[in-house]
Amino acid sequence: MSEYLVLIYENEASWANADGETAGKMMAEHETFGKNNASKLRGGNALHPTSSATSLRRDASGKLLITDGAFAETKEALGGYYVIEAADLDEAIAIAGQVPAPFGGVEVRPIRVFD
Amino acid sequence: MLAATIRVAGDIDVAEECVQEAFSRALITWPKLGVPAKPGAWLTTVARRRAIDILRRQSAHDRLLTDVVHKDGEPEAITGGNPLIADDRLRLIFTCCHPSLSIETQVALTLRLLCGLTTAEVARAFLVSEPTMAARLTRAKKKIKTSNIPYRVPTQADLPERIEAVLAAVHLVFTTGHTAPSGAGLMRRDLVERSLELARMLRVLLANDAGVAGLLALIVLTDARHKTRTGPDGTLLLLSEQDRDQWDAKAIREGVGLVREALRQSPPGRFALMAAVAAVHAEASSWEETDWNQIIALYDLLLVSWPSPVVALNRAVALGIAQGPEVGLEALAQLAPESQLSDYNYLASARADFLRQLDRRDEARVAYLEALTQCENEVERAFLERRLAELDP
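Protein sequences appear in the order of chains A and B. Every number in this note's numbering is 2 more than the matching position in the first sequence, counting from 1. Every number in this note's numbering is 27 more than the matching position in the second sequence, counting from 1.
Take these hints with a grain of salt, some might be off.
[Said to hold, decoys possible] Capping the alpha-carbon separation at 30 Å, the derived lysine-lysine pairs in BS3-like fashion look like this: (1) Lys254(B) with Lys277(B); (2) Lys27(A) with Lys42(A); (3) Lys254(B) with Lys42(A); (4) Lys42(A) with Lys170(B); (5) Lys42(A) with Lys169(B); (6) Lys77(A) with Lys170(B); (7) Lys42(A) with Lys277(B); (8) Lys77(A) with Lys27(A); (9) Lys27(A) with Lys37(A).
[To be verified] Short derived list, chain A residues pointing at chain B, Cβ under 7 Å: (10) Ser4; (11) Glu5; (12) Asp92.
If you are wondering where the hints come from, they were derived from the structure by calculation, not from laboratory data. Every value quoted in this text rests on a predicted model; they were computed, and no experiment measured them. Backbone N, C-alpha and C define an ideal beta-carbon position, used for all residues, glycine too.
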């Protein structure tokens, strides 16, 4: 068994413009996904939009620079994630393919295990 | 042999080392004790035993990873029988052609691990340096391991799509060899032969798959003409100029049989339809006798299941041959906005040829020049330059 992180990347503007009905439908779809895959889910969260993000980097002298916004500006931004358990990449793709992401898509990344 | 060892080792790098070790052991023992009755089975057995030794010594964590690989097998049972080895090759090709790998990576892995090309040879096939290819292969193997791309035949539900991915990779090997994207020769025979080898292997492994029959038919039928595609001096000969008596009649018989089988699937697959077009050419006694309406009908069917601009271009060319260059030009004009074709030299050269037939020389000249800027195969370039020169009386 391996663990995979399923990153949900979606267009934030589409989310911001979505009406209450669409948002409610999305919540219901995530709930259905959670129920259908309960035995495989190890965690997951929805994130506030990137406008609430704060990025931290160190400059050459080692000083911490604090900036407003996401680490990388992209049209589709990280908006939430699931941690899933799967036998292999095929199973991980089968589960991640059910994650609702109407305004974008998902990225599957194997979680590294250290001895 | 490598495939059989990977199943035990659960890791491509380890398996490659085991196989190499088996060969060096053979070099030491065979001269002393004589060559065994089945040298291949002997080597596989030694390589797999070595892999099992390594496995036993591996940490618990690594073993977890490999459990997945042979959980449905019996890694200790070394039978050396063909069915097992066939199974292993099938597993390996599905790993190499996994959709989570780029098509270039799929092809590189397939050539390296299934055809047994060296890294240097794979690098030559892709026209990149050996260190570049070595790095690409290492990255790919690392991804297979870290993301746990399974080493097994996909589930029944995924199988049709996954077979299609394998066929696309083998087809890419063939097309790259059939007309080399660049270089001095029209063809790259080494790649054509590798693709034929792979298609024949798939035919054995997936005997009832119509798509596999279609791809093998396409390769066999297209390649049946390979001796006549260039003249004695190396110049390009068009289908209309080739000596059809020189076509490989045995290959054509085999290909036509395969096409019939492949077309029984409904709706017919992409490669079956392309092979059917090749069969119409192969069975025509001359260029003039070719059943162009049949070819157009096949392209129409292909456009439904595989709507690609290249198919539309081929259809337009067939239409121009059947109904005259004006009709052909009109059909090509409708394709021009297709950005995917904007640097595809066959669009400009097809337009040039229709314009030449209509004696619209100035426009033909521009089109030939455009095709020349897009074409990097020297044999095709020489052909276009000859046609261009012929425009000036």
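Item checked: In rising order, the numbers of the hints this structure does not comply with -> Of the numbered hints, 3, 7, 11 do not hold.
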